[in-house]
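There are 2 protein chains.
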Amino acid sequence: MLAKPCSLAILHPRLPSCTRQVFLSNFQFLIPAHSRYRSSLSAAAQSPLDGGAGAGGGRTGALSPPPVTDEVAQKIDVNPPKGTRDFPPEEMRLRNWLFHNFREVSRLSGFEEVDFPVLESEALFIRKAGEEIRDQLYCFEDRGNRRVALRPELTPSLARLVIQKGKSVPFPLKWFAVGQCWRYERMTRGRRREHYQWNMDIIGVPEVTAEAELMSSIVTFFKKVGISSSDVGFKVSSRKVLQEVLGSYSVPEILFGKVCIIIDKIEKIPIDDIKNELKLVGISEVAAEELLQVLSIKSLEKLEEVLGGAGEAISDLKQLFSLAEKFGYSDWIQFDASVVRGLAYYTGIVFEGFDREGKLRAICGGGRYDKLLSTFGGDDLPACGFGFGDAVIIELLKEKGLLPDLNQQVENIVCALDKKLQGAAASVATKLREKGQTVDLVLESKPLKWVFKRAARINAQRLILVGLSEWQRGMVSVKILASGEQNEVELANLE
Amino acid sequence: MLAKPCSLAILHPRLPSCTRQVFLSNFQFLIPAHSRYRSSLSAAAQSPLDGGAGAGGGRTGALSPPPVTDEVAQKIDVNPPKGTRDFPPEEMRLRNWLFHNFREVSRLSGFEEVDFPVLESEALFIRKAGEEIRDQLYCFEDRGNRRVALRPELTPSLARLVIQKGKSVPFPLKWFAVGQCWRYERMTRGRRREHYQWNMDIIGVPEVTAEAELMSSIVTFFKKVGISSSDVGFKVSSRKVLQEVLGSYSVPEILFGKVCIIIDKIEKIPIDDIKNELKLVGISEVAAEELLQVLSIKSLEKLEEVLGGAGEAISDLKQLFSLAEKFGYSDWIQFDASVVRGLAYYTGIVFEGFDREGKLRAICGGGRYDKLLSTFGGDDLPACGFGFGDAVIIELLKEKGLLPDLNQQVENIVCALDKKLQGAAASVATKLREKGQTVDLVLESKPLKWVFKRAARINAQRLILVGLSEWQRGMVSVKILASGEQNEVELANLE
Numbered sequence: 101m102l103a104k105p106c107s108l109a110i111l112h113p114r115l116p117s118c119t120r121q122v123f124l125s126n127f128q129f130l131i132p133a134h135s136r137y138r139s140s141l142s143a144a145a146q147s148p149l150d151g152g153a154g155a156g157g158g159r160t161g162a163l164s165p166p167p168v169t170d171e172v173a174q175k176i177d178v179n180p181p182k183g184t185r186d187f188p189p190e191e192m193r194l195r196n197w198l199f200h201n202f203r204e205v206s207r208l209s210g211f212e213e214v215d216f217p218v219l220e221s222e223a224l225f226i227r228k229a230g231e232e233i234r235d236q237l238y239c240f241e242d243r244g245n246r247r248v249a250l251r252p253e254l255t256p257s258l259a260r261l262v263i264q265k266g267k268s269v270p271f272p273l274k275w276f277a278v279g280q281c282w283r284y285e286r287m288t289r290g291r292r293r294e295h296y297q298w299n300m301d302i303i304g305v306p307e308v309t310a311e312a313e314l315m316s317s318i319v320t321f322f323k324k325v326g327i328s329s330s331d332v333g334f335k336v337s338s339r340k341v342l343q344e345v346l347g348s349y350s351v352p353e354i355l356f357g358k359v360c361i362i363i364d365k366i367e368k369i370p371i372d373d374i375k376n377e378l379k380l381v382g383i384s385e386v387a388a389e390e391l392l393q394v395l396s397i398k399s400l401e402k403l404e405e406v407l408g409g410a411g412e413a414i415s416d417l418k419q420l421f422s423l424a425e426k427f428g429y430s431d432w433i434q435f436d437a438s439v440v441r442g443l444a445y446y447t448g449i450v451f452e453g454f455d456r457e458g459k460l461r462a463i464c465g466g467g468r469y470d471k472l473l474s475t476f477g478g479d480d481l482p483a484c485g486f487g488f489g490d491a492v493i494i495e496l497l498k499e500k501g502l503l504p505d506l507n508q509q510v511e512n513i514v515c516a517l518d519k520k521l522q523g524a525a526a527s528v529a530t531k532l533r534e535k536g537q538t539v540d541l542v543l544e545s546k547p548l549k550w551v552f553k554r555a556a557r558i559n560a561q562r563l564i565l566v567g568l569s570e571w572q573r574g575m576v577s578v579k580i581l582a583s584g585e586q587n588e589v590e591l592a593n594l595e
Numbered sequence: 101m102l103a104k105p106c107s108l109a110i111l112h113p114r115l116p117s118c119t120r121q122v123f124l125s126n127f128q129f130l131i132p133a134h135s136r137y138r139s140s141l142s143a144a145a146q147s148p149l150d151g152g153a154g155a156g157g158g159r160t161g162a163l164s165p166p167p168v169t170d171e172v173a174q175k176i177d178v179n180p181p182k183g184t185r186d187f188p189p190e191e192m193r194l195r196n197w198l199f200h201n202f203r204e205v206s207r208l209s210g211f212e213e214v215d216f217p218v219l220e221s222e223a224l225f226i227r228k229a230g231e232e233i234r235d236q237l238y239c240f241e242d243r244g245n246r247r248v249a250l251r252p253e254l255t256p257s258l259a260r261l262v263i264q265k266g267k268s269v270p271f272p273l274k275w276f277a278v279g280q281c282w283r284y285e286r287m288t289r290g291r292r293r294e295h296y297q298w299n300m301d302i303i304g305v306p307e308v309t310a311e312a313e314l315m316s317s318i319v320t321f322f323k324k325v326g327i328s329s330s331d332v333g334f335k336v337s338s339r340k341v342l343q344e345v346l347g348s349y350s351v352p353e354i355l356f357g358k359v360c361i362i363i364d365k366i367e368k369i370p371i372d373d374i375k376n377e378l379k380l381v382g383i384s385e386v387a388a389e390e391l392l393q394v395l396s397i398k399s400l401e402k403l404e405e406v407l408g409g410a411g412e413a414i415s416d417l418k419q420l421f422s423l424a425e426k427f428g429y430s431d432w433i434q435f436d437a438s439v440v441r442g443l444a445y446y447t448g449i450v451f452e453g454f455d456r457e458g459k460l461r462a463i464c465g466g467g468r469y470d471k472l473l474s475t476f477g478g479d480d481l482p483a484c485g486f487g488f489g490d491a492v493i494i495e496l497l498k499e500k501g502l503l504p505d506l507n508q509q510v511e512n513i514v515c516a517l518d519k520k521l522q523g524a525a526a527s528v529a530t531k532l533r534e535k536g537q538t539v540d541l542v543l544e545s546k547p548l549k550w551v552f553k554r555a556a557r558i559n560a561q562r563l564i565l566v567g568l569s570e571w572q573r574g575m576v577s578v579k580i581l582a583s584g585e586q587n588e589v590e591l592a593n594l595e
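Here the protein sequences line up with chains G and F, keeping their order.
Add 100 to a position in the first sequence, counting from 1, and you land on the number used in this note's numbering.
Add 100 to a position in the second sequence, counting from 1, and you land on the number used in this note's numbering.
Accuracy of the hints is not assured; some may be wrong.
In this list, chains with the same sequence are indistinguishable; a pair is considered to hold if it fits within one copy or across any two.
Below 27 Å or equal to it, Euclidean Cα-Cα: the simulated DSS-like pairs (lysine-lysine) are [stated by the list, open to error]:
| no. | residue 1 | residue 2 |
| --- | --- | --- |
| 1 | 535 | 402 |
| 2 | 402 | 426 |
| 3 | 398 | 418 |
| 4 | 265 | 375 |
Keep in mind that the hints were calculated from the coordinates and are not lab data.
Keep in mind that this is a model prediction, so the values were computed, not measured.
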């Protein structure tokens, strides 16, 4: 996926979605048929407790159990399921490189890694705000009649774990995760249904220092992979801006999340549709007009003129910009009132990373979510975090020519020159590996030409040949592949 | 999970399953209700194409879409779904340590990492042999009416990818993966439904050198984590032993996989049931008797007496034991004809790792599967591999007192002594991080006592205090926490 010329659309729980095409080939292969699947659905649903016992016995659930296969052949695709990816070695190296940078940056800031199940109770992700992420939930009923979902984002699981841990953990928590997230769209073709997302979250810090620290980590990441502030920036605002405007029109707080989700679509659907949606949830025309006016503001000074200087929105944002200067990334950030983000749970500062050429979707996004825990029945804790997907960043790096050149690297290739010496070659491999050297051991009798070709492909530094006459003298032949220099080395001296 | 005193049962695609209890607490919290779920199943199934459009519009599939929530509150569990695990920092450190060792060992042998989707087409896992793994498939129908499954093992996906790559990849492939695998059991309580599995596979080598290389890697892993051949061993056999016995009774080859699955249950169900199952698939009583006799053989010499010396079973096994000696792990392996493994697709050498005290289930298992690709419609390639789960090894390490002591390690904790100096502390943190130093930045005004407590908990090496009078002189106070030594250091000289 990552390195291919066609860019792939992926799910961004904290990002707007993208809509590019993925081109799948159509190789089809034969496998045993399972033609009974479709019709078994309703029948199985009628006997949910007919659990089979004993080895090989059938079991039923709300859905059909795996069918008993019959002899008729049916074609399957050798591609991964629609919208998902395989990671062959070249893609995996890139993924590992990316994740390594996510992890290194997180650790530099003293964050600890966590993870949660990719499968969660559906209830964890249900919110009432009409978010895209909720509408595209990859949910289903398991064989025990439980509603479950492949997680669309990591934050609700984190909130669940924080509530579960309760007072047993010392705050603040500084946690990061790199996990796969899923979405399901029925109608579109070729959009990716999974992506990986890097999250960093700080739980227990009410001050804007937390948001500033998170953005500092993202900047550190960008610098680490070669991206500068002339490539990328952050648009920053606060949901308290909206809250103060809505408050001045006595709009009930319960509508706040819904209004944010509507506002987030401002660049995707016509402005009249936005106004209409706002009207539908009960925002007066005059309030909607003022809201839209305020959202067009691009400077903090102008915002202060409009809102007055007393509110939390202004003071939070001022503090954030002041801290950004001290952290050393003020050239990366700018105020933009139109940024509200598409998740219902944000309550304060919100931000998103964007490419300055405007070619790509948001690279990352995050903000403060001080009231998420109570929606799960927990005690609220001040919290903020961000999500950073694995797709847009790869597109950007490709665009900028910053994708690293990642090849397989093996220090030694060890080869017996005679089938009878395969055991000897094995002992040489063991000896080198015990010294921490990576060894590709040639496992068959192959011509030397083949061995050299393989050595070149895996970028081996040395070729170690085990030949009969040398072996009888306790020696092996060591060839440095870059220089072509070749020596006989005593086995005991092989390092 | 991993470090808790109660041991957890997990799924081992290539291992027999375990059946221990997991104790879940019962904290319940309030979330919005979704009481319409159950009844919506059949209704939704009747209108599978009623896809909604537009923002917030509902979509339907064969299953119900996420419900529109109403105001009635309903309890959910803050525990992860039944049979799954969270990984809070302490568990994640252990998981990372384990996976790091899996990866390091794989790379030592020149293997490349790969991965596949955790969600695959169900058809990929359907086989006719009555395997436990197939009967416990975590399968469901997605909202597009496709039968999918959370993968129970990695090998079928690998086979799929190898077929897809076709002749474009140079053989042999030496691939490894560390991935999460799932199973679903309806009737039992408290068994784990997911585990992680380390796989190494060699595709394209027909010789037993490949199996020998794989076992060498597992031994390297064991040594790396402190386990010796007095703790653990491998039982090795070949399915060709069974094949030769069945062949001598003219049992059709198509029954082979089924017979192996029955035989694999030999230690779990009464011998009369085994005989009965063999009879049911069409094995004569006399053939079954000989089969069971051969399976009790524990020495290669005895086997040779019974089978004669000409067959492939004997020559493969002899070569493997000879190579094991050269690789240096002959004290780890022993012949045991009763080992057949519980997967239908093995065709040759099979092996499993076991603890010598006999307290635990198999630690790992694998073998040769030369005919798997053709079951998916591909051209067969010689192949072998193993699976190594994350649960039994942790139990064993715990048992032996070999679990590593993994604590959070942060080099510096940086703290402003005055709220006004938080920006200054931020700049100190940035400076240190740019030099590659890990820094926990205190984000709030906290008493020094609190800061020292936190420093101790995160095992910080240095406490860097930013106080007003020092800062005005361009200095910070640096305290080495182990010795208590404290100095003022010029900011420019801070390393």
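Against the structure, test the hints numbered earlier, and report the numbers of the ones violated in rising order. As far as the earlier hints go, 1 and 4 are violated by this structure, in ascending order.
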